[in-house]
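Residue numbers (the working numbering), protein chains in the order written: chain A, 1 to 348; chain B, 349 to 433.
Hints are not guaranteed to be accurate.
[What the hints assert, rightly or not] With a Cα cut of at most 20 Å, we get these calculated PhoX-like pairs of lysine-lysine:
1) K406/B with K418/B
2) K418/B with K61/A
3) K182/A with K110/A
4) K362/B with K276/A
[What the hints assert, rightly or not] Label pairs and their calculated CB-CB ranges:
5) R161/A with Q358/B: 46 to 54 Å
6) Q358/B with N224/A: 50 to 58 Å
7) E367/B with E95/A: 18 to 26 Å
8) I390/B with A310/A: 31 to 39 Å
9) R325/A with K362/B: 49 to 57 Å
10) Q358/B with E95/A: 52 to 60 Å
11) S176/A with I390/B: 39 to 47 Å
12) H428/B with P50/A: 40 to 48 Å
13) E367/B with Q163/A: 54 to 62 Å
14) G384/B with N224/A: 55 to 63 Å
15) D99/A with Q408/B: 24 to 32 Å
16) D373/B with R31/A: 36 to 44 Å
[Claimed, not checked] A short, non-exhaustive set of chain A residues, derived as facing chain B with CB atoms under 8 Å:
17) A49
18) K58
19) G105
20) L108
21) K110
22) S260
23) R263
24) S267
No lab work stands behind these hints, which were simulated from the structure alone. Note that CB positions come from ideal geometry on N, CA and C, so glycine has one too.
Residues per chain are reported as follows:
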Amino acid sequence: MSRTNDVYILAAKQISVQPPLTDEWMDAPVRYDAPCARAIDPDYRQHFAPNVARRLGKILKRAMLTSRQAMAASGVANPDAVVTATGLGCIENTELFLDALVREGEELLKPTCFMHSTHNAIGSLIAIDARCHGYNSTCVHKGISFECALDDAFAQLGSNRIQTALVGAHDEMTPSYFALLKRTGYLGHAPNGFSGEVALSMMLATTPGDSALCRLRGVELEYNPDAETLQKTLGRMLQSAQCSLEEVDAVMTGVSGLPSNDRVYASICPELLPNKKQLRYKHLFGESYTAPGLGVYAAAVCLCRQRIPAHLFVGGQSGEQRGVRHILCYNHFEGKNHSLILLSACGK
Amino acid sequence: MEELILQLKQEIIKVLNLEDVKPEDIADDAPLFGEGLGLDSIDALELIVLMEKMYGIKLQDPAQGREIFKSIRVMAEYIHANRSK
């Protein structure tokens, strides 16, 4: 598919374990010691009529609110496409429905929980709320769900099929699912990072408008690549963006504190991205299937504000970095799925 | 009957997640659908499930709901006359 359009991130809004709907984490991040943190919810009564809110689970309220705010901030009232990423979907409602299924002997099931127990309930609800009758897709690919959604929107925007796309990353964590992850050793064992929740909505467009956060220059995904393949993919993406590796200011990684996760970055980054400063975001936002969306969001905010706070640097840095032009987001899931996303400051 | 009406109001508030509504806010004779509480067709399904689960009443014809769910009082009277638990 040939590219004809530039792609911009016009706005991004989050509800996560950091203060909701703000970028306060840049200067005053909330720190967590617990192995599992739930999102900090805003007062939804300020945003939804009671008859609208009463039927929605938390993930749906979060998705709707971040979407509305991303649309308001970008001035795009009716996006051409809604592309949603979720690893677990509406897991809370799914659990309620399945529990009732077992408890009631597959009878007397609650219709609301049933309707909201599907993964694409999130994207559907956003589209209904936004009156968006265009392309609507939900990517459910565990730890690369967000990258798949972003890739989908990026390809369609770049090839002029659409002009605006609302891309979301939404996941919640329930006590029972967390208990399962803890049993597998994936989460919940200090100091292996912590589990968080994510609701992120970002508006992408082919024109920057008045206040785009940054430019999205490239999205690449590879399955089980060797070092040479990854090197070639990075080279191809940089070439397409007419950007050299030397120009990249820093690399946003998914370093989380989990040894099996961080080992992959430690083995790949020195050769693939020599002498590049590494950033992290999972120490602030926690781990979840769609956490990589928050890495892109954090990088976009840094590019917009032209500074990277000291607390984002892996290994620490004495002061913040100013004058940021390009940030490469490099993420992997279980060492098999790898993604490279290049973001640039507007006008670069 | 008054006890059943109160219990019914409490259950409806719980099942339909009417967070800001208290039992005393629901008038016994006020319409449940359209005006009044402003319930809709999905709520009707929830009420059908509630009737069966709480009182053992299985509505054979969903159209019956239109009459039975007219108000809390009508609903309570139907339950009183037909409950099996």
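Structure-based check of all given hints:
| no. | hint | result |
| --- | --- | --- |
| 1 | K406/B with K418/B | holds, 17 Å |
| 2 | K418/B with K61/A | violated, 30 Å |
| 3 | K182/A with K110/A | violated, 30 Å |
| 4 | K362/B with K276/A | violated, 55 Å |
| 5 | R161/A with Q358/B: 46 to 54 Å | holds, 52 Å |
| 6 | Q358/B with N224/A: 50 to 58 Å | holds, 56 Å |
| 7 | E367/B with E95/A: 18 to 26 Å | holds, 21 Å |
| 8 | I390/B with A310/A: 31 to 39 Å | violated, 50 Å |
| 9 | R325/A with K362/B: 49 to 57 Å | holds, 55 Å |
| 10 | Q358/B with E95/A: 52 to 60 Å | violated, 24 Å |
| 11 | S176/A with I390/B: 39 to 47 Å | violated, 26 Å |
| 12 | H428/B with P50/A: 40 to 48 Å | violated, 30 Å |
| 13 | E367/B with Q163/A: 54 to 62 Å | violated, 39 Å |
| 14 | G384/B with N224/A: 55 to 63 Å | holds, 59 Å |
| 15 | D99/A with Q408/B: 24 to 32 Å | holds, 28 Å |
| 16 | D373/B with R31/A: 36 to 44 Å | holds, 42 Å |
| 17 | A49 | violated, 10 Å |
| 18 | K58 | violated, 12 Å |
| 19 | G105 | violated, 12 Å |
| 20 | L108 | holds, 5 Å |
| 21 | K110 | holds, 6 Å |
| 22 | S260 | violated, 40 Å |
| 23 | R263 | violated, 45 Å |
| 24 | S267 | violated, 49 Å |
Of the numbered hints stated above, those contradicted by the structure are hints 2, 3, 4, 8, 10, 11, 12, 13, 17, 18, 19, 22, 23, 24, listed in ascending order.
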